[in-house]
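Number of protein chains: 2
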Amino acid sequence: MSGMTVRFAQIVGADHLQTGAAIAEDYWHDEELTQPPQAPAYLAKPATAEEVAGLLTAASQHKVAVTARGSGCGLSGAARPVAGGLLISFERMNSVLEIDTVNQVAVVQPGVTLTELAAATEEFGLRYMVYPGELSASVGGNVGTNAGGMRAVKYGVARHNVLGLQAVLPTGEIIRTGGKIAKVSTAYDLTQLIVGSEGTLALATEVVVKLHPRVEHSATVLAPFADFDQVMAAVPAILADGLAPYILEYIDNVTMAGLVHTQHLELGIPDQIRDSCTAYLVVGLEGRTSGRLDEDVERTGGLLAELGAVDAYVLDGGAARKLVQAREKAFWTAKAIGADDIIDTVVPRSAMPNFLTAARDFATAAGGAAAGCGHAGDGNVHLAVFLKDPVKRKRLMDEIFSLAMELGGAISGEHGLGRAKTPYYLKLEDPAKLALMRRIKQSFDPAGILNPGVVFAAD
Amino acid sequence: MSGMTVRFAQIVGADHLQTGAAIAEDYWHDEELTQPPQAPAYLAKPATAEEVAGLLTAASQHKVAVTARGSGCGLSGAARPVAGGLLISFERMNSVLEIDTVNQVAVVQPGVTLTELAAATEEFGLRYMVYPGELSASVGGNVGTNAGGMRAVKYGVARHNVLGLQAVLPTGEIIRTGGKIAKVSTAYDLTQLIVGSEGTLALATEVVVKLHPRVEHSATVLAPFADFDQVMAAVPAILADGLAPYILEYIDNVTMAGLVHTQHLELGIPDQIRDSCTAYLVVGLEGRTSGRLDEDVERTGGLLAELGAVDAYVLDGGAARKLVQAREKAFWTAKAIGADDIIDTVVPRSAMPNFLTAARDFATAAGGAAAGCGHAGDGNVHLAVFLKDPVKRKRLMDEIFSLAMELGGAISGEHGLGRAKTPYYLKLEDPAKLALMRRIKQSFDPAGILNPGVVFAAD
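Those sequence lines, one after another, are chains U and B. The first sequence begins at 1 in the UniProt record's numbering and counts up one residue at a time. The second sequence begins at 1 in the UniProt record's numbering and counts up one residue at a time.
Please keep in mind that the hints were generated in silico from the structure rather than gathered at the bench. Every residue gets a Cβ at the ideal spot worked out from N, C-alpha and C, and that includes glycine. One thing to keep in mind: the hints can contain errors.
[Said to hold, decoys possible] Quick partial rundown of chain U residues pointing at chain B, CB under 8 Å, derived from the structure:
id	residue
1	D271
2	Q272
3	D275
4	V346
5	V347
6	G408
Pulled out of the complex, with its shape left as it was, chain U reads as follows (with noise of 0.2 Å):
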């Protein structure tokens, strides 16, 4: 045994540390669809935050390159690790430590999934409003990514959602930020400057995550239009009227055959309809009362209709919670379809129809496709590419971020950067930013060992 392995062995204890080929393969990455696999040369799992801060300050004073994995279900790539690199796995950091009622928040560490969160809270009526989807995802995967979903049109994503961390910087240090408060206002504001840091500044090791009310009612409203620019406008109109849907989603024709075809969905759309339109509009409403309810839901419907809809149905909830369910999969779709890659851009609602014009014809232009659906609230657009050749490939992909940027928007709006999408980034942003942000990487991790080649190059 090397030196490190005995070290690393002594704080976690020998059974939680694996090494070489006793590392399974579903530990060498994520989801991300285009990196090969790599096999860490240690994965660790930690029990505690002393086991963290002591695996930390192990591998800062040997350099040995550290990754956080949460449930390996990240799409950018910021869990594969790095060759002779650590892995730490909290999978065995997965309790709920407290659901707080009069509080509204829930106390847990970073390997508890979104079913477990869930099934925890929901007794108290409460539930935890962060849903990228995925549920198998951990909340300390949320934290690193800043994770989003379908439902932050009303309730925000990981950012809005987490309130304090105990956190371990790389040099050992455990600290507690913000806690079961709402809001503060002293001195700078390290939780957030932690979630959305995919684990490059400290890693989490216990979570305080809000908790909202559960709503009884819920209804959706499909829409198909004609024109793509009719959906786009009708994002902001159905907002500014207050109708605060928690869903608000746009699928395109050939996203939605696909979603169709795969998950078998009935949506009762004639094919008349069906064939006569690009896009589709996915109201999500919910009521205190089923009288609210069903008076939104009608007001939605005469808006649509206002807004140049071709027809609204309200989906009953077998129907409902299939299109839900499948836009959740939306991801599965396109890599079951062959998708070469992925994005997630975020632009300002407005700048929609212009981004996903163009970005589809930029795929067209280099002989290949872009097709998607994606979270018309947030301005956040989901590709899938279609293009073979990776020199080209990466050619488009600079093509689509370059155009979200000058369009105000960013690479991504809630998978993050990880090892896929940080040399674009590296090439994008403003050189007086990254000369910041590597400052600040610099305060937390003096000796570059948290997850380097995310945000950013690796040495």
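Take the given structure of chain U and dock chain B to it, following the hints.
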């Protein structure tokens, strides 16, 4: 003229630079109660981000301390200048640059006041929901302190309503962070790091703020309680019910008496009820239709009765407005009746009863008194402290802040640390966090020019 005067005058124009005795006394302070006014050596009124960059570059080169000032209505002394330093007033950068109805954002310069922004958004049926009470406050000041206010219980604080910034680094670079986008998972969230940093990291020269649709119908319910613990128990019950009040305030009987007296309120509460109750809960409700509002008001009344309220009064429009305005002026009332300092500590709302009881006991034991009101939904306790002896008062404040932090809270929920609360903070905060924040500060401001004495000790 000194060399620095010439240099600053070249940047902003001689008409927009004042020095020494020419600087009006209003610029020597903000509204913080305890610190003596301090004249700056220079007062510059830049008109553009480039001028701000020029000022900061020159100040960095010559190690001149720089303090930013919005409207000067801060309550912690973050805008009080440093002797020999430069005060940058944003009063000339006061344009509303854009009201964007599709993205529901406004883009404004930092000197725009809340009154001006409200006037600019009104015709579009949109509102900026940060409402710290003082409508002469500037958006730039909101950014600096992460301002809160009564509506935060529903709409969040400045942090949740600032989507992007143009900001000038002390090293002179002008950067843009975030944008007209509600979510982003692309490297570190510099917006959220700068919001609440009280002018110690970078100066905002443009702010993108979220706007919400105006809600037509609103009502205010006032409920007296015999027992303070009942008030606190009512808060989570109301929130869990999903009523989503936009105001949820408690006012203790001492403070209510002060408000009624100084603001000549007519609330229609019989003397015997007033005399028998120790605190009031104010519940502000809004609804998309008058029918829904009436329903919610009724439900709230019922809930309050179940929760032990002595009664529940639906205030008529005039009385409600007066009460809310009086509550907004609580600081001025406290000042008028001779408060020696004020506190805006935040604790988990479950800890409010213990915290308040202990804080009042500490004050009594020290020979003084503490009374107040606060944002019950947020755990944000506003106390006026009456104790003349500055040494005893400091000891009392130490005790109170120390308890708040032990209870999982923080020194300030919305005012910021400023020059007044920084010494307490430095004594009570975890040294590992302080060291990390000092390194972050250094990564923005290597020359240490921005607001020395705020968040960190002045050299």
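_Given U/D275 as an interface hint, is its Cβ closer than 8 Å to any Cβ of chain B?_
Where the cut-off is 8 Å and the nearest Cβ of chain B is about 30 Å from U/D275, the hint is violated.
*Holds or violated: is the Cβ of U/Q272 closer than 8 Å to a Cβ in chain B?*
It is violated, given that the least Cβ distance between U/Q272 and chain B is near 32 Å, above 8 Å.
_Does the closest beta carbon of chain B sit nearer than 8 Å to the beta carbon of U/D271?_
violated (33 Å)
*Hey, does the U/V346 contact hint survive, CB to chain B under 8 Å?*
The hint holds - U/V346 has a Cβ within 8 Å of chain B, the shortest such distance being about 5 Å.
_Cut-off 8 Å, beta-carbon criterion: hint that U/V347 touches chain B_ = Holds, because the Cβ-Cβ distance from U/V347 to chain B comes to roughly 7 Å (cut-off 8 Å).
*Minimum beta-carbon distance criterion (8 Å), U/G408 to chain B*: holds (5 Å)
Hint compliance for this structure: hints 1, 2, 3 are not met, and every other hint is.
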